[in-house]
Amino acid sequence: MSDGIDNAAATDTLDVRVWRGDERGGDWHAYRVPAAANQTVLDVVTWIQRHREPNLAYRFACRVGVCGSCAMSVNGEPRWTCRTHVQDAARDGVLRIGPLRNLPLVRDLACDMAPFFDRWQEAGGRFVPSSDRHADIAAISPESPARRIADAAIQCINCAVCYAACDVVQWKPDYLGPAALNRAWSLVNDERDAGNKDRLRAVAGDAGCHNCHSQHNCTRYCPNQLDPGASIAGLKRTTMKAALKGQL
Amino acid sequence: MRSPDTLDTDILVIGAGGAGLFAALHALQANPDLKVSIAVKGLLGKCGCTRMVQGGYNVALSPGDSVERHFMDTIIGGKWLPHQDMAWRLVETAVTRVRELENELGCFFDRNADGSLHHKAFAGQTFDRTVHKGDLTGIEIINRLMEQVRGLPVNRLEEHRVLGLLPARDGGGIAGALMTDMRSGEFRVVRARAILMGTGGGPTMYRYHTPSGDKSMDGLAMALRLGLPLRDMEMVQFHPTGLLAGPDTRMTGTVLEEGLRGAGGHLLNGAGERFMANYDAAGERATRDIVSRAIYAEMREGRTTPLGGVYIAMAHLGPEVVAKKFPGMVRRCADCGFDLAAGRVEVVPTAHYLMGGVICDRDTRTDLHGLYVAGEDAGGMHGANRLGGNGVANSTVFGGIAGETMAADIAGRRGALADPDPAALEGELDRAMAPLGRQGGDVHAIRDGLMDAMWDHVGILRSREGLEQGIARLGELRTALDASGIGGQDLRFNLSWHDWLNLDNLVTISEVICRAALSREDSRGAHFREDFPETGELETSAFTVVQRKNDALHVTQSPVEFSIVRPGESLLPAEAAASVAR
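As given, the protein sequences belong to chains U and S, one line each in that order. For the first sequence, numbering that gives the first Met the number 0 assigns the number 0 to the initial residue and increments by one for each residue that follows. For the second sequence, numbering that gives the first Met the number 0 assigns the number 0 to the initial residue and increments by one for each residue that follows.
Honestly, the hints are just simulated from the structure, not real lab data. We put the CB at the ideal spot given by N, CA and C, even for glycine. Just to be clear, a hint being listed does not mean it is correct.
Example chain S residues on the side facing chain U (calculated, C-beta under 10 Å, incomplete) [what the hints assert, rightly or not]: (1) Arg96; (2) Asp113; (3) Tyr310; (4) Ala423.
Distance ranges between label pairs, derived from CB positions [stated by the list, open to error]: (5) U:Ala36 to S:Ile563: 26 to 32 Å; (6) U:Gln120 to S:Gly133: 24 to 30 Å; (7) S:Arg302 to U:Pro141: 42 to 48 Å; (8) S:Asp366 to U:Asp26: 52 to 58 Å; (9) U:Asp11 to S:Ala341: 25 to 31 Å; (10) U:Pro103 to S:Ile563: 33 to 39 Å; (11) S:Glu272 to U:Ser129: 56 to 62 Å; (12) U:Arg16 to S:Gln438: 52 to 58 Å; (13) S:Asp447 to U:Asp11: 20 to 26 Å.
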């Protein structure tokens, strides 16, 4: 099983290469995996674990694109694997599956997401209340301009696909990154939040939004079709204005 | 093997869904000096089922609605089996909890045009009271909770699987838990003054199931091994429309939402014919249990689609309309290769939720001193059926209560932590390591066997004969599992080892479900016996209790205490007569 290649007929199988290793290094291993009509990249990884490599490390949970645990690099592109159909991902009949970049590796296909969530906190990505559980819920029109902006950025599942796609994160590891800044932008536009002073200072800082080169890989790869690039642009405008007014 | 590391904490929370995260939050709000640790099988806030909630959160907040009405809907929906004090606590506290979620944690639920909270209609309820965020309510709730808890001084034990609960050496209650750091494969004992079990249930032992892949009845199996009583374990809720995509894909079983039928979707059998009218006057809009039984009956008659289910068809409503109304569902199906808007999609009933759980009091205390339980691990509040929208209410309400209760109960206890019983520790270590030295056996074939056995014999339509076959089959699977190995000693991020451990717990709890189902000789809510199709006397309603004593399961029936309202009565005086009929 050293190369993992079986003698099955190539027409009924997928040619899959999986990166195996840890922080010290690793390499690509080749497998033949039976092809099926309904088959996601996660199913391919699961088949290899169940039938070929019992200790292949990977992470998944929900299976339906809400938990953001299973993102990997598929043929060089960061993707959620539970909702990526093999047909949409294979290139010339080959699937190359590796771990997300820009995050420390645990082993094989599993990354340590701690830095990603640390950035989320550093960006002020946490609601600061101005009311409490004893008060009524605020009446807020869903059509108000600020709320529409806040809502447009809200449906993030913290899968770190954008973080892995971002070249700035690669060059500058303490950069807050697209997901954290996108969350901050949603909160900046949340009229119930009381934390904007500190938040704007955080996102305007050395690791903040002004590092963004507007390449918009985040927006291109977001599996939930969010636009973190636009959120970062919003933060740039807002922090510039605040700076001009001496409010930072 | 060297002896496990030891770590001490005041409060240990097991699980990081709605129950676990709210417990940590409220414990620290009650006393910021407490040392709180959270152990979770996946990443904090990212595994488990709270995040997967689609529908919403039931709460009596609208003008004209009332806590009393929410309570009555819960009791009647639960077919008079719910623990009434717990159901009351649920509906009463939901009001505060939703305000906390909005005002303190920053959730933003859907609004009406005037800015007030939108409440949607949900099956089985007499008032529109389900607060929601589109059809992805769980993401909003868990993301906001996770942000808050990640900002607190909590000891995060992520990818730490708890293997067993450890009673105190002196017999005075709980002492700690044995866990493994899944990344390193090392063992660790965490000693605590109070432990909350909020691992989530999740009936993943059925061929078709909806819950997150990490769910494997860990909490219930641990409680059973400690000798704690479990109630209502026969009550497994099936969702009628799970995606059917074949045996080798994790997509199979995942929910296609309820609203598709509500909006006018058709269910068609393998011959392309609508069949729901043959079973219920409400057709496709009948309740979850009725639709599930009807689909199962069609399947049993062989009127199936190529993959063995039925079709859901939406196209007659206009593909553009469907795509606009259900963008999330249409996109998910499209990602997976199916055209929900214009084509037909194969579906099958799918195991969704376990109403049963550990018996506890209205403050989440179990019978074992120092051990608390909340969320799907706890039993009683739902009775024979859970209303859609009462699930996330349950986990967040009782999780928060557990945090407050644990903080209050351990206040003043500052002495040395109790030492775990060494025999219990050794037993749990042995159990966890049993498959490591063994070769042979096929864990995946055993899991397939389990899922078939539960689906075929302990599923939607039950009978004595079938249940007895199920018990016999489970015995064979237990024997096979106990002889199987994982062929290796490398425990670092070893999913195959965890597959084995998952299966061990699933087989254990499957037998409990089977025994409870055999003992209930009537049909109520989620439990349907073809040999006992009648509901039975409501006045003498009893719930099942399963307990393990001397390695054998004992099943008893315990009468429901109608502490707040009796069958035939209502807290809504005008509706008393109707409370039995519905």
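message: Please list, smallest to largest, the hint numbers that this structure does not respect.
response: Failing hints, ascending: 3, 4, 5, 10, 12.
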